[in-house]
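Engineer: So the chains spell out like this:
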Amino acid sequence: MPFVILAQVEGEQEVVLAEEGAVGTEQATETEAPSGIEVILPEIPELIFGSAAFLLVFFALWKFAFPPMMEALKARTDKIQGDLDEAETAKTEARTELADYKTQLAGARDEANRIIEESRKTADQLRKDIQAKAETEAQATVIKAQEEIRAERDRALQELKAQVGDIAVDLAGRVVGKSLDKGAHEKLIDDYITSVAGSGEAK
Amino acid sequence: MSTKTELVRGYAEALFAIATAEGDLDKVENELFDFAKALEANADLREALTDPALPAERKKAVLADLLGGRATPHTLNALDFIVEQGRARELGEIVSALANVAAASRQSSLAEVRTAVDLSDTQREQIRKALSDASGRPVEIKVVVDPSIIGGVVARIGDEVFDGTVRSRLTEVGERLKGA
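For the record, the sequence lines run as chains A and B.
For the first sequence, position 96 matches number 96 in our numbering, and the numbering has no gaps at all.
To convert a position in the second sequence, counted from 1, into our numbering, add 1000.
The hints are simulated quantities; they were obtained by calculation from the structure and are not laboratory data.
Derived DMTMM-like pairs (lysine to aspartate or glutamate); straight-line CA-CA distance at most 20 Å:
id: 1; chain 1: A; residue 1: K161; chain 2: B; residue 2: E1175
id: 2; chain 1: B; residue 1: K1142; chain 2: A; residue 2: E186
id: 3; chain 1: A; residue 1: K182; chain 2: B; residue 2: D1121
id: 4; chain 1: B; residue 1: K1004; chain 2: B; residue 2: D1159
id: 5; chain 1: B; residue 1: K1129; chain 2: B; residue 2: E1112
id: 6; chain 1: B; residue 1: K1178; chain 2: A; residue 2: D170
id: 7; chain 1: A; residue 1: K187; chain 2: B; residue 2: D1118
id: 8; chain 1: B; residue 1: K1129; chain 2: A; residue 2: D191
Given the structure is predicted, the values throughout are model-derived calculations rather than measurements.
Kindly produce the complete structure, drawing on both the sequences and the hints.
Structural biologist: Here's what the structure looks like:
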């Protein structure tokens, strides 16, 4: 407390001055010498002056020094508060973003799973389609081959029949030709004559 | 140039006229018929007589070798003439036409009869009679022995055919086999 100290200093000076006066007038000094609590108590005028000075200084300080100081203090408080608020906001934001990221990540994972599932389904469908197509084609090929074989067989059979017919006729001709003796020839000729004559009668 | 039918007919009528004038129609006709059938059966002879590269003299020499002394000079001369004219290819048709003309001159038709074996005179007469009855007009027959018919007889009078051969019956059976 500077004001108190100042008062004390002034008091001490008073004391010193009092002691110096006492050198000349030792007796007077001894009778007026303060004792007890009075030693530290200021004189009344001094108290008035001190109080006035104190008030003056206090007023001056209150008037000129305090407002900027208070202002600076308030600014600082505000700044700190602002920083704190900002930090809080940033934290909240960070938390929100984190949540967003987590949501997005989950979404991406779901999406990836969906795509994989879809791909699997598509591949499965494709495989089934290809299989079905291949089976159809194979069946068509088999049917076609069977038809061709049947046609070929029929043709071969037809050719064989024709050849067998020719061969049979040829062989029969040879066999019959050799086996026909004079009597058989005569009979054939007689039969011919009979049949031709018969056809003439029929006309 | 006339058509082939007219040409063949022209040659046949000329030959008929000459043979009749010479009073040797039957013999010439029969010899020519036999030679034509022999030519039909012998591919080498046919080729030799129709070969344009072979001179006519050589062909006539071949004919003389084959028929000299066995046929009447009229027949040989007729053949020489046909070969010299380069008509050996049409000889068969000319001879057939001649036979038809000759038969017609006797008011009858000609039947070409093919058999596997030679026929006896009785059989010829029976066939002639049967064919006459069947066709409704007098028929003369010329017999050709053709083993390829195997057995039986086939007769052709103009466009009419009386088929009784084993060959045709076998062919019929063969067709039925093919159709089955």
